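A.B. asks: Residue strings, one per chain:
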Amino acid sequence: MMANSKQRDPAERMLNLLALLGNNAQPQTLEQIMDQMGAEYGASDEGRRTSFERDKASLRDMGVPISKIVLSGDAAGKTAYFLDKKGYGKLASRLTTDEIKALQEAATMVQIDTEWGRRAVVRLGGVIDDHVGFGTMHLGAGSLALPELWRATNECRVVSMRYNAKDRTVHPYGLLSRDGYWYLGAYDLSRQEEVVFRVDRIQGDVRIGSTAQAFVRRADYKLADAMPVDAKLFDGASEQAIVRIDKVLAVTVAREVGNSGVITKHPNGDIDVQVSCVNRVAFRAWLFAMVDRAEVISPPNIRQEVIGWLNEVAAGNR
Amino acid sequence: MRGRNSWRRHIRKRGPRSAKVRVQNALHIMPWVMERGGSTVEEIAQQFGLTKEEVLEDLSTAMVCGVPPYGGGDMIDIVVFEDGTVEASPSQSFYRTLELTHVEIFGLSVLADAAAQLPGMRRDKRLASAIAKLRDFLGGDVVDVETEQATYLDVVWEAAEKGQKLEIEYLSPSKDVATQRTITPRTVFSDAGHWYTVADDDLSNESRTFRIDRIQDVRVTGETVEIIATTALAPLWFPDDGTLPVVRAHLKAAAAWVVESYPCRDVTENDDGSFEISIVVNSPHWLGRLALRAGSNIVISKPVEFIDIAQRTAQTVLSRYLVASESAD
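Heads up: the protein sequence lines correspond to chains V and W, in order.
Heads up, the final residue of the first sequence is numbered 318 in the numbering used here, and it's a clean run with no missing numbers.
Heads up, the final residue of the second sequence is numbered 1329 in the numbering used here, and it's a clean run with no missing numbers.
Since the hints were made in silico from the structure, they are not lab data.
Check before you lean on any hint, since a few could be wrong.
A short list of chain V residues far from chain W (calculated; beta carbon distances all over 12 angstroms) [unchecked claim]:
id, residue
1, Thr-29
2, Gln-192
3, Ala-212
With a Cα cut of at most 25 angstroms, we get these calculated BS3-like pairs of lysine-lysine [unchecked claim]:
id, chain 1, residue 1, chain 2, residue 2
4, W, Lys-1133, V, Lys-86
5, V, Lys-56, W, Lys-1020
6, W, Lys-1133, V, Lys-222
7, V, Lys-90, W, Lys-1125
8, W, Lys-1020, V, Lys-68
9, V, Lys-85, W, Lys-1020
10, W, Lys-1020, V, Lys-90
11, V, Lys-101, W, Lys-1133
12, W, Lys-1162, V, Lys-101
13, V, Lys-86, W, Lys-1020
14, V, Lys-101, W, Lys-1125
Source: prediction; values computed, not measured.
Yeah, the Cβ is synthetic: ideal placement off N, Cα and C, and Gly gets one too.
Could you put the whole structure together from the sequences, leaning on the hints where they help?
C.D. replies: In structure tokens form, the structure reads like this:
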């Protein structure tokens, strides 16, 4: 009964194939496999071959290390398959018990909207304790594009995607999480420059090129430096404005710009800060978030520009 | 006495799962159970993020598999008892742990990198060492997580941990006021890039959510209270209890950040990338600030008292510039 009556369930067939390869000390040719499991793979040779290739690919995709060799001797030229024990759990074998315990603690304190990380910890031998905790970091990482981009980055494979209504082909260099958003640091082949893309703005699926097209990442590329820390600097150059901040916001803004950014402290508690205004959209968003608690002092052209924006909105020019 | 495999009648189908998913689950669960010398359905479900029904189904698939001729001794030896206990004998083919999938390694890298920035974990040598090995295994830094390092995060975190009362100076931009208050942090959490604490607030006598980077100054009072075990939850940004006004607005595509940054509802995206939205208004000051930042990219259609809020806010700011210019003259 058993396997024969269940032969049409591909899940059972894959597990049977795995058991067969694992239980044989010698690599098994396709003929040997079919001699033993033929009934499960159907009647026609072509159908058997197709199903076997599909099962093998699926198992490999799950991480099962099915390797092959070309035999010599009586079976010269035939391909045979075996489980390569060296392909199992390489990462797990490198981590110590203490390190796995630290990852286990990390998994209880960080939420990423998916089970991916927690499951990895469990598979490495950790135990997740869902205790009631007073501290939690939530970092949304539920987009399926993320692990795909990560894989492309790790394997140096070209990525094609649609972004801002344009098709882009890029060399992915790494993923950054900043201020609740994920970004892809990459080299854009059409623009011929390094660019940072916001992952949630990628439209549709990302398409990953083959390993045959693998690229080489710039050796001195530093992922952490890929994105300007200050959004107001996004376009690169260094145009500066001096902005007076009311005392109510002085502590917060001083903390944001750092000591070097505060150029004057007034007796009434107001401060003057020097900030980049190269990216006008970011600068405007930053400035107007403080409403009338902030005022551009200089240079005159930036001040006039701000007054112009305000006049436009005040007049209801839409 | 435990009934061998009599649990089968409890299997409840929750919808089809692919053969690949079922095999993958079985290949992850079996070595885990074998390594421990046994487990329970409930524990497996909790650890692997599956339902108990899914665990039973996946184990059920595995236990009818083996090697030809599929006799009693040829099958994978897994037993699930009626009380949910699972036993599995070591098997040549199934006791080894498969390498993690790329999705799992990505998730693990994110967890580890993020945790390394938490108070109490920043100097954890075990975690640092695990991250170094992960990077080495992956061949470099392909994930970089940076979270806000609010100045008083550690103080508030410790207060939540120890039940300490804090005196704080807190800036509320939505109301444009700074207040002095005594709070008892109960939970600390981060969301969308910022750190928050849910705390007992002596000023309002309520539990309130405070954004930690808006704490301007803090003093540990030395007074402690009983720690209440509770779970950190994501914030309910604006109390949407029907008492606050709801604004209806049209956003041009250039103001898509409003949809991404604020809890809008009834959102409709138009073909040209613009949006129709409704948003709960916490305070007129907050809405004025939002409208000014969005400029000509937002058009508020109702209620009538907020239609011209961008113009009014712009005039308020403009008056500051004009006064300054007149003083200079």
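A.B. asks: For every hint, state whether the structure bears it out.
C.D. replies: Okay, the hints, checked on the actual structure:
| no. | hint | verdict |
| --- | --- | --- |
| 1 | Thr-29 | holds, 15 angstroms |
| 2 | Gln-192 | holds, 23 angstroms |
| 3 | Ala-212 | holds, 19 angstroms |
| 4 | W/Lys-1133 x V/Lys-86 | holds, 18 angstroms |
| 5 | V/Lys-56 x W/Lys-1020 | holds, 11 angstroms |
| 6 | W/Lys-1133 x V/Lys-222 | holds, 18 angstroms |
| 7 | V/Lys-90 x W/Lys-1125 | holds, 22 angstroms |
| 8 | W/Lys-1020 x V/Lys-68 | holds, 22 angstroms |
| 9 | V/Lys-85 x W/Lys-1020 | holds, 21 angstroms |
| 10 | W/Lys-1020 x V/Lys-90 | holds, 22 angstroms |
| 11 | V/Lys-101 x W/Lys-1133 | holds, 14 angstroms |
| 12 | W/Lys-1162 x V/Lys-101 | holds, 24 angstroms |
| 13 | V/Lys-86 x W/Lys-1020 | holds, 23 angstroms |
| 14 | V/Lys-101 x W/Lys-1125 | holds, 12 angstroms |
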